[in-house]
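Based on the hints, put chains X, L and U in the right spot on chain F.
For reference, the chains in residue letters:
Number of protein chains: 4
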Amino acid sequence: MLYIDLNCDMGESYGVYTLGHDEQVMPYVTSINVACGFHASDPINMLKTVKLAKKYGIAIGAHPAFPDLVGFGRRYMATSSEEIKADIIYQIGALWALCKSEGVTLQHVKVHGALYNAAEKDMTVAMAIAQAIKAVDKKIFMICLSNSTMVRAAQNVGVKYVEEAFADRAYTKDGTLVPRKQNGAVIHDVNRVAERVLSMVKDKTVTSIDGTIVEISAQTICVHGDTPGAVAMIKAIRVILDQQGVQMKAFGK
Amino acid sequence: MLYIDLNCDMGESYGVYTLGHDEQVMPYVTSINVACGFHASDPINMLKTVKLAKKYGIAIGAHPAFPDLVGFGRRYMATSSEEIKADIIYQIGALWALCKSEGVTLQHVKVHGALYNAAEKDMTVAMAIAQAIKAVDKKIFMICLSNSTMVRAAQNVGVKYVEEAFADRAYTKDGTLVPRKQNGAVIHDVNRVAERVLSMVKDKTVTSIDGTIVEISAQTICVHGDTPGAVAMIKAIRVILDQQGVQMKAFGK
Amino acid sequence: MLYIDLNCDMGESYGVYTLGHDEQVMPYVTSINVACGFHASDPINMLKTVKLAKKYGIAIGAHPAFPDLVGFGRRYMATSSEEIKADIIYQIGALWALCKSEGVTLQHVKVHGALYNAAEKDMTVAMAIAQAIKAVDKKIFMICLSNSTMVRAAQNVGVKYVEEAFADRAYTKDGTLVPRKQNGAVIHDVNRVAERVLSMVKDKTVTSIDGTIVEISAQTICVHGDTPGAVAMIKAIRVILDQQGVQMKAFGK
Amino acid sequence: MLYIDLNCDMGESYGVYTLGHDEQVMPYVTSINVACGFHASDPINMLKTVKLAKKYGIAIGAHPAFPDLVGFGRRYMATSSEEIKADIIYQIGALWALCKSEGVTLQHVKVHGALYNAAEKDMTVAMAIAQAIKAVDKKIFMICLSNSTMVRAAQNVGVKYVEEAFADRAYTKDGTLVPRKQNGAVIHDVNRVAERVLSMVKDKTVTSIDGTIVEISAQTICVHGDTPGAVAMIKAIRVILDQQGVQMKAFGK
Numbered sequence: 148m149l150y151i152d153l154n155c156d157m158g159e160s161y162g163v164y165t166l167g168h169d170e171q172v173m174p175y176v177t178s179i180n181v182a183c184g185f186h187a188s189d190p191i192n193m194l195k196t197v198k199l200a201k202k203y204g205i206a207i208g209a210h211p212a213f214p215d216l217v218g219f220g221r222r223y224m225a226t227s228s229e230e231i232k233a234d235i236i237y238q239i240g241a242l243w244a245l246c247k248s249e250g251v252t253l254q255h256v257k258v259h260g261a262l263y264n265a266a267e268k269d270m271t272v273a274m275a276i277a278q279a280i281k282a283v284d285k286k287i288f289m290i291c292l293s294n295s296t297m298v299r300a301a302q303n304v305g306v307k308y309v310e311e312a313f314a315d316r317a318y319t320k321d322g323t324l325v326p327r328k329q330n331g332a333v334i335h336d337v338n339r340v341a342e343r344v345l346s347m348v349k350d351k352t353v354t355s356i357d358g359t360i361v362e363i364s365a366q367t368i369c370v371h372g373d374t375p376g377a378v379a380m381i382k383a384i385r386v387i388l389d390q391q392g393v394q395m396k397a398f399g400k
Numbered sequence: 148m149l150y151i152d153l154n155c156d157m158g159e160s161y162g163v164y165t166l167g168h169d170e171q172v173m174p175y176v177t178s179i180n181v182a183c184g185f186h187a188s189d190p191i192n193m194l195k196t197v198k199l200a201k202k203y204g205i206a207i208g209a210h211p212a213f214p215d216l217v218g219f220g221r222r223y224m225a226t227s228s229e230e231i232k233a234d235i236i237y238q239i240g241a242l243w244a245l246c247k248s249e250g251v252t253l254q255h256v257k258v259h260g261a262l263y264n265a266a267e268k269d270m271t272v273a274m275a276i277a278q279a280i281k282a283v284d285k286k287i288f289m290i291c292l293s294n295s296t297m298v299r300a301a302q303n304v305g306v307k308y309v310e311e312a313f314a315d316r317a318y319t320k321d322g323t324l325v326p327r328k329q330n331g332a333v334i335h336d337v338n339r340v341a342e343r344v345l346s347m348v349k350d351k352t353v354t355s356i357d358g359t360i361v362e363i364s365a366q367t368i369c370v371h372g373d374t375p376g377a378v379a380m381i382k383a384i385r386v387i388l389d390q391q392g393v394q395m396k397a398f399g400k
Numbered sequence: 148m149l150y151i152d153l154n155c156d157m158g159e160s161y162g163v164y165t166l167g168h169d170e171q172v173m174p175y176v177t178s179i180n181v182a183c184g185f186h187a188s189d190p191i192n193m194l195k196t197v198k199l200a201k202k203y204g205i206a207i208g209a210h211p212a213f214p215d216l217v218g219f220g221r222r223y224m225a226t227s228s229e230e231i232k233a234d235i236i237y238q239i240g241a242l243w244a245l246c247k248s249e250g251v252t253l254q255h256v257k258v259h260g261a262l263y264n265a266a267e268k269d270m271t272v273a274m275a276i277a278q279a280i281k282a283v284d285k286k287i288f289m290i291c292l293s294n295s296t297m298v299r300a301a302q303n304v305g306v307k308y309v310e311e312a313f314a315d316r317a318y319t320k321d322g323t324l325v326p327r328k329q330n331g332a333v334i335h336d337v338n339r340v341a342e343r344v345l346s347m348v349k350d351k352t353v354t355s356i357d358g359t360i361v362e363i364s365a366q367t368i369c370v371h372g373d374t375p376g377a378v379a380m381i382k383a384i385r386v387i388l389d390q391q392g393v394q395m396k397a398f399g400k
Numbered sequence: 148m149l150y151i152d153l154n155c156d157m158g159e160s161y162g163v164y165t166l167g168h169d170e171q172v173m174p175y176v177t178s179i180n181v182a183c184g185f186h187a188s189d190p191i192n193m194l195k196t197v198k199l200a201k202k203y204g205i206a207i208g209a210h211p212a213f214p215d216l217v218g219f220g221r222r223y224m225a226t227s228s229e230e231i232k233a234d235i236i237y238q239i240g241a242l243w244a245l246c247k248s249e250g251v252t253l254q255h256v257k258v259h260g261a262l263y264n265a266a267e268k269d270m271t272v273a274m275a276i277a278q279a280i281k282a283v284d285k286k287i288f289m290i291c292l293s294n295s296t297m298v299r300a301a302q303n304v305g306v307k308y309v310e311e312a313f314a315d316r317a318y319t320k321d322g323t324l325v326p327r328k329q330n331g332a333v334i335h336d337v338n339r340v341a342e343r344v345l346s347m348v349k350d351k352t353v354t355s356i357d358g359t360i361v362e363i364s365a366q367t368i369c370v371h372g373d374t375p376g377a378v379a380m381i382k383a384i385r386v387i388l389d390q391q392g393v394q395m396k397a398f399g400k
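First to last, the protein sequences are chains F, X, L and U.
So that you can map any letter, position 93 of the first sequence is 240 in our numbering, and since no number is skipped, the others follow by simple counting.
So that you can map any letter, position 178 of the second sequence is 325 in our numbering, and since no number is skipped, the others follow by simple counting.
So that you can map any letter, position 66 of the third sequence is 213 in our numbering, and since no number is skipped, the others follow by simple counting.
So that you can map any letter, position 22 of the fourth sequence is 169 in our numbering, and since no number is skipped, the others follow by simple counting.
Same shape as in the complex, but just chain F (with noise of 0.2 Å):
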């Protein structure tokens, strides 16, 4: 039986701010990453959030971030080591903790935004968030970008780890992601997308931007709750998974 996680950002909101379809799309993902406050949400949010995914028995994760409210996370910021790996604990730790109060546990942790983007390339970075993790639990997995300097940083500091592709992103020949800011980056044909996640589950391949057939090692594929059509895209790819005998489960189950 083959198996695959969809994973999805989740917990956006922040004060009287909505953001995000959480109630929709929580029934169609197996694994959520949860904002902490540093670039979005805030306690009361984050416990809704838990209780959400409690009922609907899905795997939470801790999605921290550089601490830019303003800026969502999205700006880079150039952040010492120490700092990242703190900030990261102190995150983690304030999700786990109302994690605790509602009597389910933390699977997971997958940086957000420009800390994602930072640790793809950038072996300090990635090992910061990983040794933040370890430090934490050891049972904790760091969600890593496929084929990226964070399955490496996951390896060299022993964190348990799994690694994660894009259903919706454009692939280079090498099997990094194209780029946001170029033509075709981001997929938006529901079947097309479907497809590819289907590609990537049993053949463990995705064709690139320029039509070669690369190497993509996932147990976890990332799927978008916050733009228009987002469920109707999870529900098609469920649909495709499910014809193809391919069961939805929390990595970490």
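These are computed hints drawn from the structure, not numbers from a lab.
These numbers were taken from a predicted model, which means no experiment stands behind them.
Please note that a few of the clues may not be correct.
[What the hints assert, rightly or not] Covered stretches of chain F (chain X as the covering partner; in silico rule of three or more C-beta atoms under 8 Å from a C-beta of chain X):
1. 201–212
2. 224–237
3. 241–250
4. 279–292
Cβ coordinates follow ideal geometry from the N, Cα and C atoms, glycine included.
Leaving out everything else, chains X, L and U in the frame of chain F:
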């Protein structure tokens, strides 16, 4: 053998800003209350404080507060029970993870500033605090002002607790603190403070501002680390307690 | 000719978060209250709002608040007079400069949320607000709740002011607002709201919640732009006022 | 008669946190750069600083920064031109209003920390700063690092500007600052610093780190107020300039 715990606020520095004399005071107390980023401190400073406490073998507690950095958590905020509870769980968790990363545990929670003042009298606030602590970990103590609503809240909720008295604060004949704005509210004479602490520990009494003997129950005594003469005052308290055969020990040990 | 001003809160978006229907509501009001970054908004969003107001020829006011982004300035904070005054001057200045960069002027200041509620009854708070406005520019109007302490504070300090009434809020027989938590505090029927506004403008009276006719003085009427049906309500008010020969005009023009 | 201006960062305290020796340094400089709440300071502290400057007759400038309080604005943030421009206009306005409330004017703007470092080399950043200043008030000077991109940006935009040199920093043979991390980047010897300032003012030259004589144009000299020995260093500079007949005067006067 008589035992007492001395607790002191620590880790209140923030970014480039330094506050308190943590290095000098740490060796003379047995428990510390670490700011968790809402009224003071940041992940780097919290980690530094945890490492210092570990070095000296001091017991660590969380010191959560209203989210008011510019006001240092000293301004009352009309927050709901749910907000207080989630905010406290978040702050406890953040410090818990930093402790975990250093292999030390969390002994207690003592709320800070305006939140402490509210919890003294307001059962709803005090209950929210007790519930937050219990929700995270039943092994964590709540520090409650002796003779206050906080004690009854801890009992109602069924959270472990200790009572605290203030070394340098005057008491009314009802066993409550004389408000800071009132004349004589703070006692500056080192010897008088030390004598009062001795009486609190040995006789479980304190002489009120109008001269009556008041019963007081305290397993921990709060001392201040950020005033001029703080270190001298704490040393004097330790000398007199030592002479009288009272031993220093963190209440959780 | 009778004139009236309709004022509405605007520019409450923050970073990636969107709030309100600014584009749709803007053409139907004559004055806007722009959030200044303490309870909502950020420099980019403030500038966007100023540009929109300029496009439609709408008069701009500052909407300062307690420093409580996560609580949207709706939670009372026990701040000192000096803090309120400095916080308000800071916020006025920030918006003033963004207006200046677009070649438009600042017509008024209306405080937000919990700060407004405090100023209704607390002369110290109301005086701090009036003094802050006067200190920045004697040409700036203070929007004061009709029949409230704010009016007397504006008179005491000698700052220019206008009185405001609420289109969709019930009044007591003393001419004060029925608290939101009370039944019937908010009126949802579009026609009834429009009729009440007409009566406020033409007869300078409003029918209180217990049926008595109460005198009310108002040069501006507050309408809400973030509720469902907001645009329909504002249009209805405009139609009925127009039919009765009441003209819309910003009070500072 | 030769004139020079000495500028110094001030008003960097925040809430209960104190930074710098404002009271002691203020009488010896002619212009100050006041933190505007994004990397340091708050409205109360800004107002206190403006009052102090007024008392001593010192010219006031705004010291805007990246929105990074915990990092003191020292960490580069990948912000857009539009964000930088709006953030700077906001900060200038906030200080402008506090100055206005005290009846004093704003002489200049000097950006802080990582934003200053970015503006030295990055024309897009430098242009955004110059445009922000010009948009608020054409009478406000921009302080530009001598021989840097900032000067060209100020000229392109057509904003008034002065060039600055650093009293205690080593220069390369190209007239740029030796990076702080390099050996010998900061000069601590009081007499040597004073002599260098004299040479900058009288001969418009500075001796570079490799011994060559480099031309430098500076109408203001930056001195530091937060280092140990800061006051002694500034006094020494004043004595030697005074002996050589160079007068101190804010550049805007």
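So, going through the hints one by one against the coordinates:
Counting residues of the stretch 201–212 of chain F whose beta carbon lies closer than 8 Å to any beta carbon of chain X gives 0, which falls short of the minimum of three for the stated coverage. Proximity of the stretch 224–237 of chain F to chain X, defined as three or more residues with a beta carbon under 8 Å from a beta carbon of that chain, is established by the 6 residues found. Counting residues of the stretch 241–250 of chain F whose CB falls under 8 Å from any CB of chain X gives 7; the rule of at least 3 is met. Remark: the stretch 279–292 of chain F is confirmed as covered by chain X, as 4 of its residues place a Cβ nearer than 8 Å to a Cβ of that chain, reaching the required three.
Violated hints amount to a single one, hint 1; each of the other numbered hints is respected by the structure.
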